[in-house]
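Residue numbers (numbering that gives the first Met the number 0), protein chains in the order written: chain S, 0 to 298; chain C, 0 to 371.
FYI, nobody ran anything at the bench for these hints, they're computed from the structure.
In this text the structure is predicted, and so the values were computed from the model without any measurement.
Even for Gly, the Cβ is constructed at its ideal location relative to N, Cα and C.
Careful: at least some of the hints might be erroneous.
[As the list claims (entries may be wrong)] List time: in silico DSS-like cross-link candidates among lysine-lysine, alpha-carbon distance up to 27 Å:
id, chain 1, residue 1, chain 2, residue 2
1, C, Lys347, S, Lys113
2, S, Lys87, C, Lys347
3, S, Lys87, C, Lys343
4, S, Lys117, C, Lys269
5, C, Lys359, C, Lys343
6, S, Lys167, S, Lys31
7, C, Lys23, C, Lys188
[Stated by the list, open to error] Partial pick of chain S residues on the chain C-facing surface, computed with a CB cut under 8 Å:
id, residue
8, Pro84
9, Leu85
10, Ala88
11, Ile98
12, Gly99
13, Asn192
14, Val237
15, Ala272
16, Leu278
[Stated by the list, open to error] Now the stretches of chain C that chain S is said to cover, found in silico as 3 or more residues with beta-carbon under 8 Å:
id, region
17, 152-160
18, 269-282
19, 326-334
Each chain is listed here by its residues.
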Amino acid sequence: MTFLATLVNGLSLGSIYALIALGYTMVYGIAKMLNFAHGDIIMIGAFSIFTCITSLKLPAILAILIAIVLCTILGITIEFLAYRPLRKAPPLAVLITAIGVSYFLQNIVLLINKLSNKTTFVFPTNILPDISLKIGSGDNAIIINGNTIFTFIVTAVIMVALTLFINKTKMGKAMRAVSEDKETAELMGISANRTITVTFAIGSALAAVAGLFYGGTVISFNHTLGSMPGIKAFVAAVFGGIGSIPGAMLGGIILGIIEKMAEQYISTSLANAVVFGMLILVLTFKPTGLLGKKINEKV
Amino acid sequence: MAKFKNIYNNCMNKITSSGVVTRKDLWTYAMLAVIFVAVLVSDSLGLLTRQLTSLLVPVCCYIILAVSLNLTVGFLGELALGHAGFLAIGAYTSTLFSIAVQDTITSVWVRFPLALIIGGVSAGIFGLIIGLPVLRLRGDYLAIVTLAFGEIIKTVATNITVDLSKTTTTSSGAEKVVEQGLFGSAGLKNAPQDSTFIVAFILVVITVAIISNLVNSKYGRAITAMRDNRIAAEACGINITYHKILTFVISAFFAGIAGVLYGHNYTIFKPSTFDYNMSIEILVIVVLGGMGSIRGSIIAAIVLRVLPELLREFSDYRMLAYSILLILLMLINSAPGLAGLRAKLSIKNAYLSIKNKVMKRKTAENGGETHE
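With the hints as extra help, turn the sequences into a complete structure.
What follows is the structure, encoded as structure tokens:
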């Protein structure tokens, strides 16, 4: 039964990775840049939920909404101030700027925390309704807790909604057009800047949701909460083929399962090495990822 | 004035005519020599506090790290985020070697060079191992893979235990266990302290000499060509694969050398030190000093290592300042919209405009005569 329990845990973690990976993959597909600060937006989301609930005593649903709005605004602001001026700059410059933004977010939160003389925080666990599902009976029973159930449901709903958004709406069509060929899309009357802003907004809102679930998984957290899931979600996005939305979902879930299986059957402390090893293997043998398209370089 | 300029130019031409050393490099060596003398003089005058003395070897380490990373980031133009991993490999393999042979090879002058070779070569081998799979990758993918490699090295080091503890008998006859070796997440313990400032400085000079000569060589021109236009470079017959791997190996080798210095200086260190943040810190040095400028890397390494020690009360703000610095530098240096601002800030332009003004004044003084 441990296998099944591990699988459920892996699926749950994988759904969180998928949520984060979606933000990465959409931004990469459209702006052709790796948003290193994406992981830190998760952290900001988790922190704002934490602050709203423990300090301001707001109801959970309001706290989540505030976190989503805050992260969306933050994502748009970052894009406007740090990434937009570098739109035509060499990729290396954009990448280093993104690392700078990631560090900035972490350290600003660290400074704020130091003012309150605390560095580690406990994520409130009573946000989600306390329900649990029991499968099987007796010794073989596995209990799925509320956080896991909600992660599944919310991720599934978001994925369906996002797929519909990308495929059915005008904005989604514009996003696909910009990711396909920015110049031509602009000639067709699509504002590339506005499309990129919307992409950042969606990605950041998803990061806030991921912050809620990830915070509920790790419970004890600090200003570096986002960096590991951020990197792993990028691994997931690469795994599924960066730029591909179904790829991000698939990659996230596979990566979550691999990580939990490695923790269970190899070693807890080596799980990260296994995850990163997988990334290197995938990139060595299939650099475009599982569902990625091959892009031919133009001279 | 003109006479001095002539003499200077003649000397420079003679030295640089061999083609091995460029004028730029001579300035770098002169700067290193000045720093070396300044450190020795202020040390003998007792001006260096204990804090600063303890910083000497680490600063040398960071110079080597920054110069070697500059080869990959500045000259090859690929972002590598796993430099701390190579540092870790150099530090671990060499200190373990030193601990193991401590009793058989008692002379530091034999043991330390051997440790250097072992640390450098093993880091170089890892550079090769990383270089092979990332051949097909560029840009963001390469950055993330090097990051992943750094994390793997760190994670694996936390899971290895090499116990080389010895039991010694103290003068009173009681037996005492000296903990030596690598103890998983508790890290490496009690390596011999073989690094000194002089040795570290010599290594800095050797590193700078080798890397600046490489950059001036055919190899260096090949990698800068690859940076500026990969496809054109390939069309000119440059073997991209070979040069990329070679750069990785050289860069890793020197990071390993820095690791040997690091390990034999601190003697006790944990694997968690060599994390992603450390790689970023080295990257900040390279970016601040100027990508593709060896002298810049040296200056930035010194400033960014010594300044935080002097401004300890602001230590909370250090990383915040780094991050803002990174963003601003990138925006000012690379944003197409800020080209005008760049021209205003450029030292070269400022110098030229002052020179022009002086020339104009001179012509005015000479009564409007045209002056060459």
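I'd like to know which numbered hints this structure contradicts. Please list them from smallest to largest. 1, 7 and 13
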